[in-house]
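Trainee: What follows is the residue order along each chain.
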Amino acid sequence: MLHIYCPHCCEYREEEEFHAKGQAHIVRPLDPDACTDQEWGEFMYFRKNPRGIHHELWVHAAGCRKFFNVTRNTQTYEIKEVYKVGEKPTIVAE
Amino acid sequence: MTQKNRLMSGGRINRSKPLSFTYNDKQYSGYEGDTLASALLANGVDIIGRSFKYSRPRGIVAAGAEEPNAVMQIGATEATQTPNVRATQQELYPGLVCGATNGWPNVDNDLMGLVGKIGGKAMPPGFYYKTFMYPKSMWETYESYIRKAAGLGRSPNEYDVDIYDKMNQHCDVLVVGAGPAGLSAALVAAKAGARVILADEQNEFGGSLLSSRETLDGKPATEWVNSVVEELSTFENVALMPRSTVNGYHDHNFLTIHERCTDHIADRAPNGQVRQRYHRVRAKWVVLATGAHERPLVYGNNDVPGCMQASAVSTYINRYGVVPGNELVLMTTNDNAYHTALDWHDAGRKVMAIVDTRKNPSGALIEEARNRGINVMVGSGVIEVQGSKRVTSVSVAPLNEDGSRVTGSVIKIGADTVASSGGWSPVVHLSCHTGSRPVWKDEALGFVPGSTVQNQFTAGAINGEYSTEGALGQGVESANDVLKALGLDAVSIALPDTDEPAQSESMALYHVPHTKPTSQAPKQFVDYQNDVTAAGIELACREGFESIEHVKRYTAMGFGTDQGKLGNINGMAIAAKMLNQSIPETGTTIFRPNYTPVTFGAIVGRDCGELFDPMRYTAMHAWHEERGAEYEDVGQWKRPWYFPLKGESMQDALNRECLATRESVGILDASTLGKIDIQGKDAREFLGRVYTNAWAKLAVGKCRYGLMCGEDGMVFDDGVTSCLGENHFLMTTTSGGAAHVLEWLELYHQTEWPEMEVYFTSVTDHWATMTIAGPNSRKLLEELTDYDVSSENFGYMDWKKMTIAGVPARVFRISFTGELSYEINVQANYGLHVWKALFEHEDKYNLTPYGTETMHILRAEKGFIIAGQDTDGSVHPFDLGMPWAVSMKKPFSFIGKRGMQREDCVRPDRKQLVGLKTTDPNIVLPEGAQGVFDPNAPIPMPMVGHVTSSYWSANLNRSVAMGFVKGGSERMGEKVYYPLVDGRTVEAEICSPVFLDPKGERQHV
Amino acid sequence: MSDTAVETPNVMVMNQLPSSEIVGESPLHHADLASAAATKNEGGVHLRENALQGFLTLRLNPENKDLLASANAVLGLELPTKPLSSVTEGATTARWMSPDEWLISVPGEAAFDLETAFQEKVDGHFSLVNSSGGVTTLVVSGEHVVEMLKKSVPYDFHISEFPAGKVVSTLFAKSSAVIRRLDEQAFELIIRRSFADYIWLWIQDASREYGLVIKND
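Protein chains in written order, with the UniProt record's numbering: chain A, 1 to 94; chain B, 1 to 1005; chain C, 1 to 217.
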């Protein structure tokens, strides 16, 4: 059970208020029609599965309903930082 | 039976409150303040169970959570049966009924014990796997017998009558354990004003202090305990939780506590009271003051009843006034256990010998023993005991310096009790739950908590600090560490003076050697609960298991409810020796939640019965109830399924509802449809991006059906969206998909297109929606409104604002049945009013309420899909035969467009949704049936698609079905066959899914 | 119908209430709280339904100061921009739900007027949606109200973390609620219509050991 700081509500909330939405920073191609099947497949299906630092998209589903990013260590489950959509992480894997 | 082992005085029991209880159908008596274990020992009950694998008689070994053998089935009635209760943790209450959980026909004479005896040598680790592996098909037969023979209690066969619940807790610091370290930590944190929870699994606070004769400030230690507890109870910021086991330590300092609120009072909770409560604690900081378990030594036949932990013997004497035998032999590697011999002697029973494995022990405690005339045998070990149902004598032999070998002749001493101590094992279980690996600490001869990412401190014996003085000091220290982290000022408290004698060095010994090699010596048990022996571990090592994790899994050491509390360290030490490694090199396995078993009642809490899952109701639900509706669960909604009249079968009701709707008018409660209000100047553009069809030209006052796809091009929801204003739309979704669709819209708005000016607001619950459908629906509507609802003024796919039965309404002329149909929306507080007003005209128009099943039939007659029934996440709009709902020409590449153009999505032989007309019109295909083109093909036949929707149509007087067929859209008129499980093969013709009114004339009137 | 709305071509608002002869039925109408109120008057948890209030969801970007000011002017209060706070002026309360969302309560009959005023007087990108029929309000109070809530909600109800006036949208058992503390021992729960019966059953069950007293409006 993670304890997650919501950057919009500005406080910690229980994990059950949130939904995990997978890897963060998956950008939809600006011109999907110009993508090859392989490019589209990679956008659609290919995700990282790192041991250690990982950037994830979460939504405060039972609270403010805002999406935001979480940098989490997948091994220790430590949350290193949270940041709003559109922002860049300050902590990244080496 | 008399309490033959009860002392005349002493202990923390209430002698003025005798209690009677039943164990294995026999009546016994004990006192208030007893545990079940202390009461059984007081009554001289030696055997409390049979061992798991060898079915050997077993007695009580310990006095707390680490007890491996005395696992009881408790409960006076069928409904209150509770398995897996440790007798050492169960407080005695009047009328308690319990029994041993294994042993057949009974624990004293167990038939499986013979197998254990005869087969003993033949049952090494892996015995069951190796023996019962062949033939493979027989495994299930073997398994049921093996499990019956093993037996670890049973669950009740009746509904549990008691109330359980959960509570969410928050605190600055959770102190786990209320021994000397925990008490001093809690007091410091409390004085600083922190929010403190102090939890302890026992009925009283005090931990080790409750069981010893030591003094604090010259007075009995319990006086200090009482004064601290009293002071703590005056703080508003402190919650004291006795009888509360912290069972799990999870990520981000989330811990679970299992509180047994009334388990000490009676078989059932008193009326209205909660029996057990599961606390879900989010603690800013945790202080683990969980203490240590004494480690018994491993020697031959060390499981014969009468073999006990030394500290447990002291606990029974000092805390419960029970001496669990007459003649004691104490074996120890350390000074501390001498207390047990002194306690025994001072209780007036005979200490036959103290067998000290060290060559030259010295110090105050040794002197005290000698002064009492106790025979201290140094440099020796108990290598085995004799006796079957109780120890009768012990064999003592001299050992070499490091205790690895017997060096001289064996002598026998008569005794009925052997207390042993190999030192202490810190209780690191909780610290391991979050993945922290314990580290070996030489001076403590035990594993202590390793580094952790949790906000956690540790104090006392868990750190290998076994003295009371040290524990008190570490409690204060850890609490001040917490205060510093919380930004609070440090607090000092006066600590009491202790009277602990100085202790000399302990010896690192785990496994006492025998004159015979381990494999031939009498069984030397390491893990009692799982029947793991020293020989078994050695065998595992010889068979090539080198990782301690593998040794554990091969032997089952530390499995199950025991979690290796007594045995693990001894097991690691034996494995290390076999592998020629040090203990830290071998390492340790780690422990999992839960520390001790938690009842299902506590885990379930209030989430059972009618509260198991929310049942969502519409504003018209009370009416449906009155009409005797049968319900269908749609998501969490309770939707009327059909409305049977008296004596009607389900099919009778459906036929009646279907015919009435197509002949006159039917009504459906459609309030459960998801509804999302969409506003903003970019609302229209947004719709164009999330739906597959075009929205640019939808005029105010018009409605349009849309399909929603994922980026993979696969349909996941559908519904009608209406243009309320130039920048204002009302989207409807499927009943089950509403929350998902709203989150989907927000996801794209917030992450991909935040520049778009659009807001989404759920209005699902705000509107009550009722659909009237059928040729007379217009006439019915006219009865209740002055508005001109003629076809000229109110056309198909229009919506209008009007007043119905006095209530302002939005009415949408859309149709899911193919009939003239109106969807009336009113503010939900007035839903029932309007619904009832419609029913004032029931007789005139044969207004017939219908449920979801009739809705499904009517739409299937028209070939309309249901997202989630006719779609499964793997079909795109073209597969569904709905190219009209896709606009490839839209300038923006809408969600799903690229996905549905991938190579695999444009194959001509994809499965496509088609109508299925059975050759025999009376056969209704089962949904899910798989089709084949050639029913005579050899098995496995190539399968070409499954039936998604199938019903009896009363209107067409035949069955109707839809399903997927490979290349189906090019196979109109061809046959497809459905071989069914009952042996029949049903032939069907591939046809258009529109079975009724293909030109759509009925809804355009 | 007294439909006097000024209809901009862009957004449609309508008076959704009938004349007062037609009595609305709140989501807990079927529970007949009035009868329950007559039966018992002692217990550790008190419950009252504040039925048929007007609720509106307001969305706008408060960084647009002109827009915020005109919204404030229509509402007659300052929309709270501090997370999880609320502001009450007279019969109107605005609850912060999200950086660009507020849940506003007014007397039931005032909702349409507010919607109309917003369409007339507020210019810019906003949305104001009437959701009065979709929710109801329970006021729970009493000596053991915090214990009852701790059984139901994962949030910390300690007064230091949850002072009066604070608004928390969170889970309530397996449903959800917008919770506002009114005073030390009183809370307002705004719950969804379709879940109202579940929450009503839940509160009865969770309050059983303390005794539940139903209060009349």
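There could be a bad hint or two in this list.
Claimed, not checked - Simulated crosslink set (DSS-like; lysine-lysine; CA at most 25 Å straight-line):
#1 C:LYS40 to A:LYS84
#2 C:LYS174 to B:LYS638
#3 A:LYS80 to B:LYS284
#4 B:LYS836 to B:LYS897
#5 C:LYS215 to A:LYS84
FYI, nobody ran anything at the bench for these hints, they're computed from the structure.
Trainee: Would you mind marking each hint as holding or not holding in the structure?
Mentor: Consistency of the hints with the structure:
| no. | hint | in the structure |
| --- | --- | --- |
| 1 | C:LYS40 to A:LYS84 | violated (50 Å) |
| 2 | C:LYS174 to B:LYS638 | holds (16 Å) |
| 3 | A:LYS80 to B:LYS284 | holds (17 Å) |
| 4 | B:LYS836 to B:LYS897 | violated (45 Å) |
| 5 | C:LYS215 to A:LYS84 | violated (44 Å) |
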